[in-house]
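Start counting the sequence shown at 13; every next residue gets the next number (the working numbering).
Treat the hints as calculated values from the structure; they're not laboratory data.
Note that this is a predicted model, so its numbers are computed, not measured.
We put the CB at the ideal spot given by N, CA and C, even for glycine.
Mixed in with the good hints there might be a few duds.
To be verified - In silico BS3-like cross-links for lysine-lysine, where the CA-CA straight-line distance does not exceed 30 Å:
id: 1; residue 1: K108; residue 2: K126
id: 2; residue 1: K126; residue 2: K74
id: 3; residue 1: K97; residue 2: K45
id: 4; residue 1: K108; residue 2: K45
id: 5; residue 1: K108; residue 2: K97
What the hints assert, rightly or not - Between beta-carbon pairs, the in silico distance windows are:
id: 6; residue 1: G104; residue 2: N77; range: 29 to 39 Å
id: 7; residue 1: G90; residue 2: M13; range: 14 to 24 Å
id: 8; residue 1: P46; residue 2: L98; range: 15 to 25 Å
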Amino acid sequence: MIVVLIGLAAGIISGMGIGGGAILIPALVIFVKPEQHVAQSVNLLFFIPTAIVALVIHIKNKNVNFRMGIPIVISGLGGAVLGSKLALAMNGGTLKHIFGIFLLLMGLYEIFGKGKVKKLNKA
Numbered sequence: 013m014i015v016v017l018i019g020l021a022a023g024i025i026s027g028m029g030i031g032g033g034a035i036l037i038p039a040l041v042i043f044v045k046p047e048q049h050v051a052q053s054v055n056l057l058f059f060i061p062t063a064i065v066a067l068v069i070h071i072k073n074k075n076v077n078f079r080m081g082i083p084i085v086i087s088g089l090g091g092a093v094l095g096s097k098l099a100l101a102m103n104g105g106t107l108k109h110i111f112g113i114f115l116l117l118m119g120l121y122e123i124f125g126k127g128k129v130k131k132l133n134k135a
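Model the full structure from these sequences, guided by the hints.
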């Protein structure tokens, strides 16, 4: 039952574009206690269908900037290969610490960052 509730919460966050992995990975590690590599792999499995559903909804609402997104996707594919190999070379504790530091830094930026939002044309 706990994994269903974790999936629901992560799906809601993911659908909002916030990043379900920010909820899913820590919740799995805290409540289900898999190895960090397993939690992150489950997140990747979770991400594919939830991202497709959210993307379709955002495309229908004309909220997707393809001109900006396509180069990010292409370079992200290469980054995913490198990042996956790097993660597999690390032990779970190191991976957990890196993920925790990343979440902390992103949280601090969201709370204290004073950056302006740049409005881009949707293309």
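Query raised in the report: Is the distance from the Cβ of P46 to the Cβ of L98 consistent with 15 to 25 Å?
Result: holds (20 Å)
**Report entry** Hinted pair K97 and K45, Cα distance within 30 Å
**Finding:** Distance ~23 Å between K97 and K45 Cα, so the pair holds.
Requested in this report: Measure nothing beyond the straight line between the CA atoms of K126 and K74; if it is 30 Å or shorter, mark the hint as holding.
Outcome: holds (27 Å)
Query raised in the report: CB of G104 to CB of N77, is that within 29 to 39 Å?
Result: Hint holds: Cβ distance 36 Å, inside 29 to 39 Å.
Requested in this report: Please work out if K108 and K126 have their alpha carbons no farther apart than 30 Å.
Outcome: holds (28 Å)
Report task. Could you see if the CB distance from G90 to M13 stays within 14 to 24 Å? Result -> Taking Cβ atoms as reference, G90 and M13 lie about 39 Å apart, which means the hint is violated.
Requested in this report: Mind checking the alpha carbons of K108 and K45 for me, to see if they're no more than 30 Å apart?
Outcome: holds (12 Å)
**Report entry** Agreement of K108 and K97 with the hint, judged by alpha carbon distance not exceeding 30 Å
**Finding:** Given that 30 Å is the threshold and the Cα spacing comes to 16 Å, the pair holds.
In terms of the numbered hints stated before, the structure departs from hint 7 and from no other.
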